[in-house]
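**Student:** For reference, the chains in residue letters:
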Amino acid sequence: MIRVQFWGTRGSIATPGQAMRYHGGNTPCVQLIGFENDQPGAIMRPDNPQLILDGGTGLTALQTTLMGRAWGQGQGKLHLLLSHYHWDHLIGLPFFRPMFIKGNRMIFYGASIKNMRDSIERLFTSVYSPLNGIENVSAQLEYRQMGGKVVEVGDFQIRTIQNRHPGGALSFRIEYGAEAIVYSTDHEAGDPIVDSSLVEFAKGAHLWILDAQFDSEERQYHKDWGHSSHLEAVKLALNAQVETAVLFHHNPDHNDATLDRMASEAMEAAAGTQTEVIMARDGLVVDVG
Amino acid sequence: MKLTFYGARGSYPTTHPDQDYYGGNTTCLHFQTRSGQDLILDGGSGIRLLGAEMMRREFAEGRGEAHILIGHTHWDHILGLPFFRPFDLEGNRFVIVSAGQIGAHIRDILSGQQTDINFPVPFEHLKAYREYLPIKPGNELTLGEYRVETVQLNHPGLTVGYRIEADGVIVTVFTDTARVRKVRLGDGMGGPEPDTGFSKTYLEQLAHCARQADILVYDTHHLEHEILGAYHFGHSTVEDALEIARMAEINQLMLFHHAPEHSDTVIDEKLALARDLSRDDPFTVEAAREGWCLELEPVSESEL
Chain A
1 MIRVQFWGTR GSIATPGQAM RYHGGNTPCV QLIGFENDQP GAIMRPDNPQ
51 LILDGGTGLT ALQTTLMGRA WGQGQGKLHL LLSHYHWDHL IGLPFFRPMF
101 IKGNRMIFYG ASIKNMRDSI ERLFTSVYSP LNGIENVSAQ LEYRQMGGKV
151 VEVGDFQIRT IQNRHPGGAL SFRIEYGAEA IVYSTDHEAG DPIVDSSLVE
201 FAKGAHLWIL DAQFDSEERQ YHKDWGHSSH LEAVKLALNA QVETAVLFHH
251 NPDHNDATLD RMASEAMEAA AGTQTEVIMA RDGLVVDVG
Chain B
290 MKLTFYGARG SYPTTHPDQD YYGGNTTCLH FQTRSGQDLI LDGGSGIRLL
340 GAEMMRREFA EGRGEAHILI GHTHWDHILG LPFFRPFDLE GNRFVIVSAG
390 QIGAHIRDIL SGQQTDINFP VPFEHLKAYR EYLPIKPGNE LTLGEYRVET
440 VQLNHPGLTV GYRIEADGVI VTVFTDTARV RKVRLGDGMG GPEPDTGFSK
490 TYLEQLAHCA RQADILVYDT HHLEHEILGA YHFGHSTVED ALEIARMAEI
540 NQLMLFHHAP EHSDTVIDEK LALARDLSRD DPFTVEAARE GWCLELEPVS
590 ESEL
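Heads up: the sequence lines are chains A and B, in that order.
Note that our numbering has the first sequence beginning at 1, numbered continuously upward.
Note that our numbering has the second sequence beginning at 290, numbered continuously upward.
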């Protein structure tokens, strides 16, 4: 079983406030926790393997669950997969307390070691941060390139493919035992070649987390922004025949009422199919398998 | 003069339900004179909401003008600027006032926030006209109807506190700043070890910049029991704010830069503590909260 815990589901910039309360305002951060099938009650143990997808402000919510464990004592190890290096996917890092505890290991995976390292180091430079440089980060940081071949992290097997997004972004297909989860944030649907390879990539997944930043009207005015509409996301999910599509990377201008409307439109579009559509929201937990 | 808080949180935007009252957006203050001149202080995440409101005015037609003052260039004070819609329209005019950092011009710092690896749209591609006014601590400026004085704050790098005066009203904003008796953090302050003589002169400088202010907005990020071992983070407590408030003979102290870990209840308690500690002082104390708009009148006029 994989537990998928959504800590940040908003795109672009964090959105505090009551109008966003139900879906939440933290930027992308999703935690995957692997459970053995015979693990009683699915209660997490310290040695359950985990992966973090992206390091948006959702990391600041996630950290509270780590600091009471090995990561609070400098004995933690964390694997972070970065879809790309736009700030909304990284800005939680300077505020992520396990980074500042000696002994912890943070292993970052991305398409380009240089861009990944440059971006993470820039987060901590004295111009932008009182932390005054990456050398003041106490955890041990490691950077690993991904793309092309399968990456194995414990019992997780990870494949990647390129999305259509300015500057590029990776989708991840993560398999653990018999379960498969695909994460495709920051993708603009509409290019038949890219879309069909993505559909092939996501085929048969139990869960596909998809960029659904725009509603249909907004999408007409946002060509080449690198994001899809909710209905485009549903179409991809139906083509890939996934069990569950999770609409993700909510527009910072969308309040709960707008997202509720988009949810009903998306569910209607998937009605009568084998695919269930749900909206991502901060705090959502989905057990797969 | 009107003052509206669009963000009162420090460090990073927070989205927790028990922080709704004071709000989760990071620092952004909006000033407007009676005649309608706009001045913005800081471009934290709150500036996105301010921008959306300005787009219901002349800024939507490319006829808007405003000054944007940056206190310093750490993320929580600039990360909203890429989402400030009035920058998108040709014809809008902005003067960006900032000390930058040592060796780094504000233009390059803002461009650096939007390099192609880290943001889809380069800062240079925004259509509004933007000019830069580099400043130094100690400067006196006239920005339209606003008279502005600056002072260096005690925070890593180069951080500027502003005294902003218009329509006969004075608002001084000191964020972010640390307890100088414990640590010297700012570039050129000769730290980090504290120095008694320096502290005395420095506190007098701060008090001078805040003298007789109608409102003193002050970084009160930490509670007293949290600041032990945290002086080097560059923030203050209620006790630090009260000290300057007394020296400067201000009218109202406004607690600001609330810690991201603090719930509304904790900030309520911080405010209650500040009121209790200042019960014999001639000024009042409030805590800044997002969305709060204050209509400020000169004291002498309202007394007439």
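Read the hints as simulated data drawn from the structure, not as lab findings.
A hint or two may mislead.
[What the hints assert, rightly or not] Computed far set for chain B versus chain A, every beta-carbon distance over 12 Å:
{"#": "1", "residue": "Asn-314"}
{"#": "2", "residue": "Arg-337"}
{"#": "3", "residue": "Leu-378"}
{"#": "4", "residue": "Arg-382"}
{"#": "5", "residue": "Ile-398"}
{"#": "6", "residue": "Asn-407"}
{"#": "7", "residue": "Leu-447"}
{"#": "8", "residue": "Asp-456"}
{"#": "9", "residue": "Ser-488"}
{"#": "10", "residue": "Ala-561"}
{"#": "11", "residue": "Cys-582"}
{"#": "12", "residue": "Glu-586"}
[Claimed, not checked] Covered by chain B, according to a simulated footprint, are these stretches of chain A (three or more residues, beta-carbon under 8 Å):
{"#": "13", "segment": "112-123"}
{"#": "14", "segment": "134-146"}
[Said to hold, decoys possible] Partial list, derived from the structure: chain B residues whose beta carbon lies under 10 Å from chain A:
{"#": "15", "residue": "Ser-300"}
{"#": "16", "residue": "His-363"}
{"#": "17", "residue": "Leu-368"}
{"#": "18", "residue": "His-444"}
{"#": "19", "residue": "Pro-571"}
{"#": "20", "residue": "Glu-579"}
{"#": "21", "residue": "Leu-583"}
{"#": "22", "residue": "Pro-587"}
Treat the numbers as computed from the prediction; the structure is a model and nothing was measured.
Backbone N, C-alpha and C define an ideal beta-carbon position, used for all residues, glycine too.
**Student:** It remains to establish, for every hint, whether it holds in the given structure.
**Tutor:** These are the hints, each one checked on the structure:
{"no.": "1", "hint": "Asn-314", "verdict": "violated (5 Å)"}
{"no.": "2", "hint": "Arg-337", "verdict": "violated (6 Å)"}
{"no.": "3", "hint": "Leu-378", "verdict": "holds (15 Å)"}
{"no.": "4", "hint": "Arg-382", "verdict": "holds (24 Å)"}
{"no.": "5", "hint": "Ile-398", "verdict": "violated (6 Å)"}
{"no.": "6", "hint": "Asn-407", "verdict": "violated (5 Å)"}
{"no.": "7", "hint": "Leu-447", "verdict": "violated (10 Å)"}
{"no.": "8", "hint": "Asp-456", "verdict": "holds (30 Å)"}
{"no.": "9", "hint": "Ser-488", "verdict": "holds (20 Å)"}
{"no.": "10", "hint": "Ala-561", "verdict": "holds (23 Å)"}
{"no.": "11", "hint": "Cys-582", "verdict": "holds (16 Å)"}
{"no.": "12", "hint": "Glu-586", "verdict": "holds (30 Å)"}
{"no.": "13", "hint": "112-123", "verdict": "holds (count 5)"}
{"no.": "14", "hint": "134-146", "verdict": "violated (count 0)"}
{"no.": "15", "hint": "Ser-300", "verdict": "holds (6 Å)"}
{"no.": "16", "hint": "His-363", "verdict": "holds (6 Å)"}
{"no.": "17", "hint": "Leu-368", "verdict": "holds (7 Å)"}
{"no.": "18", "hint": "His-444", "verdict": "holds (7 Å)"}
{"no.": "19", "hint": "Pro-571", "verdict": "violated (34 Å)"}
{"no.": "20", "hint": "Glu-579", "verdict": "holds (8 Å)"}
{"no.": "21", "hint": "Leu-583", "verdict": "violated (20 Å)"}
{"no.": "22", "hint": "Pro-587", "verdict": "violated (33 Å)"}
Hint check: violations occur at hints 1, 2, 5, 6, 7, 14, 19, 21, 22; the rest are consistent with the structure.
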